[in-house]
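Residue-level listing of the chains:
Number of protein chains: 2
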Amino acid sequence: MQTASTPLITDNCSLITGNFLRACHRLPADTTPVWFMRQAGRYMPEYRVIREKYSLIEICQHPELAAEVTLQPVRALGVDAAILFADILLPAIPLGVGLEFAKGEGPVLQNPVRTLEDVKNLRPVNPESDLGYVMDAIRLLRGPLNGVPLIGFCGAPFTVASYLIEGGSSREFLKTKTMMYSAPEVWHALIEKLSVVLSDYLVAQIRAGVQAVQVFDSWVGALSPSDYEAFVLPYSQKVLTAAKNEGVPVIHFGTNTATLLPLMKRAGGDVIGLDWRIPLDDGWRVLGDDVAVQGNLDPAVLFAPRDEIKKRVQDILKRANGKPGHIFNLGHGILQHTPVDNVKAIVDMVHEYSPLPAGEELG
Amino acid sequence: MQTASTPLITDNCSLITGNFLRACHRLPADTTPVWFMRQAGRYMPEYRVIREKYSLIEICQHPELAAEVTLQPVRALGVDAAILFADILLPAIPLGVGLEFAKGEGPVLQNPVRTLEDVKNLRPVNPESDLGYVMDAIRLLRGPLNGVPLIGFCGAPFTVASYLIEGGSSREFLKTKTMMYSAPEVWHALIEKLSVVLSDYLVAQIRAGVQAVQVFDSWVGALSPSDYEAFVLPYSQKVLTAAKNEGVPVIHFGTNTATLLPLMKRAGGDVIGLDWRIPLDDGWRVLGDDVAVQGNLDPAVLFAPRDEIKKRVQDILKRANGKPGHIFNLGHGILQHTPVDNVKAIVDMVHEYSPLPAGEELG
Numbered sequence: 000m001q002t003a004s005t006p007l008i009t010d011n012c013s014l015i016t017g018n019f020l021r022a023c024h025r026l027p028a029d030t031t032p033v034w035f036m037r038q039a040g041r042y043m044p045e046y047r048v049i050r051e052k053y054s055l056i057e058i059c060q061h062p063e064l065a066a067e068v069t070l071q072p073v074r075a076l077g078v079d080a081a082i083l084f085a086d087i088l089l090p091a092i093p094l095g096v097g098l099e100f101a102k103g104e105g106p107v108l109q110n111p112v113r114t115l116e117d118v119k120n121l122r123p124v125n126p127e128s129d130l131g132y133v134m135d136a137i138r139l140l141r142g143p144l145n146g147v148p149l150i151g152f153c154g155a156p157f158t159v160a161s162y163l164i165e166g167g168s169s170r171e172f173l174k175t176k177t178m179m180y181s182a183p184e185v186w187h188a189l190i191e192k193l194s195v196v197l198s199d200y201l202v203a204q205i206r207a208g209v210q211a212v213q214v215f216d217s218w219v220g221a222l223s224p225s226d227y228e229a230f231v232l233p234y235s236q237k238v239l240t241a242a243k244n245e246g247v248p249v250i251h252f253g254t255n256t257a258t259l260l261p262l263m264k265r266a267g268g269d270v271i272g273l274d275w276r277i278p279l280d281d282g283w284r285v286l287g288d289d290v291a292v293q294g295n296l297d298p299a300v301l302f303a304p305r306d307e308i309k310k311r312v313q314d315i316l317k318r319a320n321g322k323p324g325h326i327f328n329l330g331h332g333i334l335q336h337t338p339v340d341n342v343k344a345i346v347d348m349v350h351e352y353s354p355l356p357a358g359e360e361l362g
Numbered sequence: 000m001q002t003a004s005t006p007l008i009t010d011n012c013s014l015i016t017g018n019f020l021r022a023c024h025r026l027p028a029d030t031t032p033v034w035f036m037r038q039a040g041r042y043m044p045e046y047r048v049i050r051e052k053y054s055l056i057e058i059c060q061h062p063e064l065a066a067e068v069t070l071q072p073v074r075a076l077g078v079d080a081a082i083l084f085a086d087i088l089l090p091a092i093p094l095g096v097g098l099e100f101a102k103g104e105g106p107v108l109q110n111p112v113r114t115l116e117d118v119k120n121l122r123p124v125n126p127e128s129d130l131g132y133v134m135d136a137i138r139l140l141r142g143p144l145n146g147v148p149l150i151g152f153c154g155a156p157f158t159v160a161s162y163l164i165e166g167g168s169s170r171e172f173l174k175t176k177t178m179m180y181s182a183p184e185v186w187h188a189l190i191e192k193l194s195v196v197l198s199d200y201l202v203a204q205i206r207a208g209v210q211a212v213q214v215f216d217s218w219v220g221a222l223s224p225s226d227y228e229a230f231v232l233p234y235s236q237k238v239l240t241a242a243k244n245e246g247v248p249v250i251h252f253g254t255n256t257a258t259l260l261p262l263m264k265r266a267g268g269d270v271i272g273l274d275w276r277i278p279l280d281d282g283w284r285v286l287g288d289d290v291a292v293q294g295n296l297d298p299a300v301l302f303a304p305r306d307e308i309k310k311r312v313q314d315i316l317k318r319a320n321g322k323p324g325h326i327f328n329l330g331h332g333i334l335q336h337t338p339v340d341n342v343k344a345i346v347d348m349v350h351e352y353s354p355l356p357a358g359e360e361l362g
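Those protein sequences? They're chains A and B, same order as listed.
Position 294 (the first sequence) corresponds to 293 in numbering that gives the first Met the number 0; numbering is contiguous.
Position 1 (the second sequence) corresponds to 0 in numbering that gives the first Met the number 0; numbering is contiguous.
Honestly, I wouldn't trust all of these hints.
Identical chains share a label here; the pair holds if one copy fits it or two copies do between them.
[Unchecked claim] Distance condition first, Cα-Cα at most 30 Å in a straight line; then the derived DSSO-like pairs of lysine-lysine:
(1) 264 to 317
(2) 174 to 309
(3) 237 to 119
(4) 322 to 243
(5) 102 to 243
(6) 317 to 174
(7) 310 to 192
(8) 343 to 174
Hints are computed from structural coordinates only; laboratory data are not their basis.
Let the hints inform the model, and build the full structure from the sequences given.
This is the structure:
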């Protein structure tokens, strides 16, 4: 209740509610917010029930299924944010590259992009008509989420381009790099086109009602900093800026990015993802105080005994040191056979042990 | 010619000859030495001729074939060092884990190591009797190499352990990490045993006549710094120290190691490998002036047009800035379809454009 002696808060801060959104804005939170990349998925029994009847793409393309699957971890885990159930390669479907998810083998593209002709043949994408099921799922989720913020997302231009060029998953990204080095005009044409498609897609998600977005540059750590700067940064920046201009917080995520962090910050993002290869405090120091950070537990730790998990959760919270602007998460997505109980336990631990005031030791 | 006015050099420096060995000791060299990881292999037509008749393991196990294949890149490329043709998993054969190289699929182990019982069942290894073919190949190579230094090598304990636990190649190293976190007594027993086997193996190679050794911790970049320190460092240190005590220079190599470099230096090595994810000057700054560095061209660049290759070779030399102690190499091994002409061209470029005196711009 506002009384005469209470100072009147006139800035925006009091309007931003909920620990997840407050942390995105580097505002103090009651407890450190926590959510998990791939928090909906095969490790959950209730997901597997649905997955037995529908393919991954079918779930994505049926808004009521996508919405249900999005809600499952919110109900089961008590996370501070939901992330829309979708796949970063959904925009590849209307682009016309022949996307398929081969059983147990990940995505396969029938028509990979290798030439300028291939780039020109990519079909224009209108998010509302071509990927309308994603926006429908977002609209369906507004009510049932009951105030839990919903994160929308897309792949970053580099990561999506790498799938389009390689024709699927890759370890060396040789075709991608060879295009950059040997046919830069094709590379730039492709990634420019993707940056427009992905910007439009993300903006459509925001207008449909997500409260934050994450841009997944999962494989960008395959690049040297100079290649990132020349071939990737301007295009990521375009997507991140388009989202930012819609007024929601933007999370910029990658793995293996220890040497890319300053450039990723330059590309944009209110929150930068840190994987487990860099201690959270070191990563935040490199990035500076003017961004929030998300991370950074190794997903493999979720297979460890509870005491070991606790030690590592506490270590991350200690490194964050109670500074506003930390969102607890893994350094990458939850792995397939992760015990659900351990995921739930982490949510409880993060809420119990955070935020830790500066200088205070955890027991 | 020594005259009365020339200062007499009385330290050891003048005894170390050849640009590769001088760079290992951070002594000035006429030109920057260059060799390539996996410089012998399928990208060379003369290798493929032999490979058509013999499997990978057969080549390794026939000293005259291993020696011939080791010599091929020395003849074809003019590199400053030879590296013995072998595989980091050869010690797995006498350990009794059922190593096979499945066609196009990399190594597969029939009996992966998962329990303390499995560790106890690993057979003792005597390098001279169990891996004598490696030492025989080294002895065969002394004459024909005609003064070109020969590098021996082994896998680092972590990388070898990861194959033994996973049963082959891995992307997440989940079984390996789960053993570390959930059954540390099994992990420590395994890696301790491996560190003894690998130390003995490396020492045997040195006594057979290699002039330097490299310890390959190729996949160590999957770990956080704190896991590296607790679970890996002491065992790598044991192997690196055993080699060092034999009086030859030791190269300590890994990929994805930007955040591990200070710990890898602490573990040991006269020379530390740097991959393309960290600019050479930044990596050397992190490591300090008291070690040499090796690297750090992205192997994918060898598929680029010659001008692009040249630009990138010159950039690395510029970052090394003529400082004694740089060995030019890739950030990881040569890829299968690499054009041989481009590999040869890099050797010539490195020799032509180096060492670059401090402050001088390349044309």
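> Which numbered hints does this structure break?
Replying inline: Number 5 only.
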